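Every number in my numbering is 602 more than the matching position in the sequence shown, counting from 1.
No lab work stands behind these hints: they were computed from the structure. Please read these numbers as outputs of a predicted model, since none were measured by experiment. There could be a bad hint or two in this list.
Capping the alpha-carbon separation at 25 Å, the derived lysine-lysine pairs in DSS-like fashion look like this [to be verified]: (1) 767 <-> 854; (2) 714 <-> 656; (3) 767 <-> 712; (4) 604 <-> 631; (5) 604 <-> 767; (6) 656 <-> 713; (7) 775 <-> 904; (8) 775 <-> 879; (9) 714 <-> 766; (10) 704 <-> 677; (11) 819 <-> 767; (12) 805 <-> 775; (13) 656 <-> 766; (14) 819 <-> 855; (15) 767 <-> 879; (16) 929 <-> 607; (17) 607 <-> 774; (18) 680 <-> 631; (19) 766 <-> 680; (20) 939 <-> 774; (21) 775 <-> 704; (22) 656 <-> 704; (23) 814 <-> 775; (24) 631 <-> 704; (25) 879 <-> 766; (26) 713 <-> 677; (27) 814 <-> 604; (28) 904 <-> 774; (29) 714 <-> 677; (30) 929 <-> 904; (31) 656 <-> 712; (32) 819 <-> 805; (33) 704 <-> 766; (34) 766 <-> 814; (35) 819 <-> 766; (36) 929 <-> 939; (37) 713 <-> 766.
Derived Cβ-Cβ restraints for the label pairs, each shown as a range [to be verified]: (38) 903 <-> 620: 36 to 42 Å; (39) 631 <-> 832: 44 to 50 Å; (40) 625 <-> 873: 48 to 54 Å.
Beta carbons are placed, not taken as given, at the ideal position from N, Cα and C, and that holds for glycine.
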Amino acid sequence: MKSFKLYGSQDLRAEDCQLEQEENQVIIKVDTVGICGSDIHYYMHGRCGVFVPKTPFSLGHEFSGVVTSVPENDKGIKIGDRVTGDPLLNCGDTENCEFCSKGQRSLCPKKKFMGSAAAFPHVQGAMRESMSVPIENTHLLPDSVSFVEGAMIEPTAVCLHAVKKAGDLQGKKVLVTGGGTIGQLILRIAISMGAEVDLSDIKAYNLGIAEKGGANKVINPIQDEIADMTYDVVFEASGAAPAFVSALSSVKKGGTIVQVGTLPDSIEIPGNLIMTKELTVIGTMQFYSEFAESLELIASGKLNIADLNTQTFNFTETPEALEFAAKGEDCIKVQIKI
Numbered sequence: 603m604k605s606f607k608l609y610g611s612q613d614l615r616a617e618d619c620q621l622e623q624e625e626n627q628v629i630i631k632v633d634t635v636g637i638c639g640s641d642i643h644y645y646m647h648g649r650c651g652v653f654v655p656k657t658p659f660s661l662g663h664e665f666s667g668v669v670t671s672v673p674e675n676d677k678g679i680k681i682g683d684r685v686t687g688d689p690l691l692n693c694g695d696t697e698n699c700e701f702c703s704k705g706q707r708s709l710c711p712k713k714k715f716m717g718s719a720a721a722f723p724h725v726q727g728a729m730r731e732s733m734s735v736p737i738e739n740t741h742l743l744p745d746s747v748s749f750v751e752g753a754m755i756e757p758t759a760v761c762l763h764a765v766k767k768a769g770d771l772q773g774k775k776v777l778v779t780g781g782g783t784i785g786q787l788i789l790r791i792a793i794s795m796g797a798e799v800d801l802s803d804i805k806a807y808n809l810g811i812a813e814k815g816g817a818n819k820v821i822n823p824i825q826d827e828i829a830d831m832t833y834d835v836v837f838e839a840s841g842a843a844p845a846f847v848s849a850l851s852s853v854k855k856g857g858t859i860v861q862v863g864t865l866p867d868s869i870e871i872p873g874n875l876i877m878t879k880e881l882t883v884i885g886t887m888q889f890y891s892e893f894a895e896s897l898e899l900i901a902s903g904k905l906n907i908a909d910l911n912t913q914t915f916n917f918t919e920t921p922e923a924l925e926f927a928a929k930g931e932d933c934i935k936v937q938i939k940i
């Protein structure tokens with residue numbers, strides 16, 4: 603089986619590998635895999651924050667494909683089915699795990715994640731021809747959901763989880779800072795929940811996509827000032843320190859900031875604004891039950907995301923795809939066709 607494995611910074615090697623075989627695993631012939639910001643960090647820097655690979659491994663946790671082998675199951679999954687996979691592998695011990703018992707899968711201390719060096723041994727990702735996925739993490743794709751959309755269920759789940767953290771958005775005035783994949787998805791989900799949503803980004807291309815996605819207003823913070831105390835909720839999706847500082851000013855008194863993007867380890871902020879404005883600042887990480895919920899949203903037609911896939915590369919071009927995505931020029935979601 604062909605795969606691409608990361609050996610270090612900008613060192614991605616094509617090689618043959620054996621597929622892991624475990625009980626209750628579905629074998630999926632990968633069709634489409636999306637490139638996430640974490641994949642770019644691993645590729646460009648040889649690490650993603652504090653997660654440093656100990657052995658070579660395959661990146662990619664946003665994927666869809668076709669079942670080629672499946673154990674007996676009560677989910678109706680059979681050979682030939684089109685599927686996607688939830689890459690979050692929590693321990694599932696609802697008796698002894700404080701977080702799994704409450705359904706807070708992303709907080710499980712024993713969790714693993716496909717295509718990540720967060721745990722060791724690393725769990726292989728989807729930048730290879732086939733992969734093995736637990737039956738409980740495998741989800742059927744309805745006919746109305748394409749492989750392209752199926753490979754975007756995971757980032758949609760991240761965004762749905764973030765939006766739910768803010769509570770009822772009906773009639774609320776919302777700002778999304780950052781117009782990459784995550785910001786664009788939050789924009790569309792928040793609109794579907796009844797919010798009036800503005801989006802800010804420094805790239806004209808991203809602002810154009812946001813306008814097509816239904817943004818009430820788009821803002822380039824370099825050219826246009828974001829007014830103080832304007833928004834009920836701010837979703838900070840850029841991971842840029844200035845955007846978080848701006849959110850503290852632009853959110854109304856008593857408002858909510860949901861931090862979605864990965865910030866630098868240490869930033870300087872006007873922290874007293876949190877106190878004097880009685881702000882609620884919420885962190886959000888991955889998702890709980892939102893993977894299946896996101897799939898249902900997309901299948902129902904209530905959320906349209908296919909147009910966010912702006913470029914597709916062939917499997918043999920995987921290094922070039924990562925290089926292109928890292929430049930971030932005139933693209934939103936870059937995918938690879940295996």
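Taking the hints in turn, this is what the structure says about them:
| no. | hint | verdict |
| --- | --- | --- |
| 1 | 767 <-> 854 | 17 Å, holds |
| 2 | 714 <-> 656 | 15 Å, holds |
| 3 | 767 <-> 712 | 23 Å, holds |
| 4 | 604 <-> 631 | 11 Å, holds |
| 5 | 604 <-> 767 | 40 Å, violated |
| 6 | 656 <-> 713 | 17 Å, holds |
| 7 | 775 <-> 904 | 21 Å, holds |
| 8 | 775 <-> 879 | 17 Å, holds |
| 9 | 714 <-> 766 | 23 Å, holds |
| 10 | 704 <-> 677 | 23 Å, holds |
| 11 | 819 <-> 767 | 23 Å, holds |
| 12 | 805 <-> 775 | 22 Å, holds |
| 13 | 656 <-> 766 | 35 Å, violated |
| 14 | 819 <-> 855 | 21 Å, holds |
| 15 | 767 <-> 879 | 19 Å, holds |
| 16 | 929 <-> 607 | 21 Å, holds |
| 17 | 607 <-> 774 | 45 Å, violated |
| 18 | 680 <-> 631 | 13 Å, holds |
| 19 | 766 <-> 680 | 33 Å, violated |
| 20 | 939 <-> 774 | 39 Å, violated |
| 21 | 775 <-> 704 | 31 Å, violated |
| 22 | 656 <-> 704 | 32 Å, violated |
| 23 | 814 <-> 775 | 19 Å, holds |
| 24 | 631 <-> 704 | 33 Å, violated |
| 25 | 879 <-> 766 | 22 Å, holds |
| 26 | 713 <-> 677 | 23 Å, holds |
| 27 | 814 <-> 604 | 38 Å, violated |
| 28 | 904 <-> 774 | 19 Å, holds |
| 29 | 714 <-> 677 | 23 Å, holds |
| 30 | 929 <-> 904 | 32 Å, violated |
| 31 | 656 <-> 712 | 18 Å, holds |
| 32 | 819 <-> 805 | 14 Å, holds |
| 33 | 704 <-> 766 | 16 Å, holds |
| 34 | 766 <-> 814 | 23 Å, holds |
| 35 | 819 <-> 766 | 22 Å, holds |
| 36 | 929 <-> 939 | 20 Å, holds |
| 37 | 713 <-> 766 | 22 Å, holds |
| 38 | 903 <-> 620: 36 to 42 Å | 41 Å, holds |
| 39 | 631 <-> 832: 44 to 50 Å | 49 Å, holds |
| 40 | 625 <-> 873: 48 to 54 Å | 50 Å, holds |
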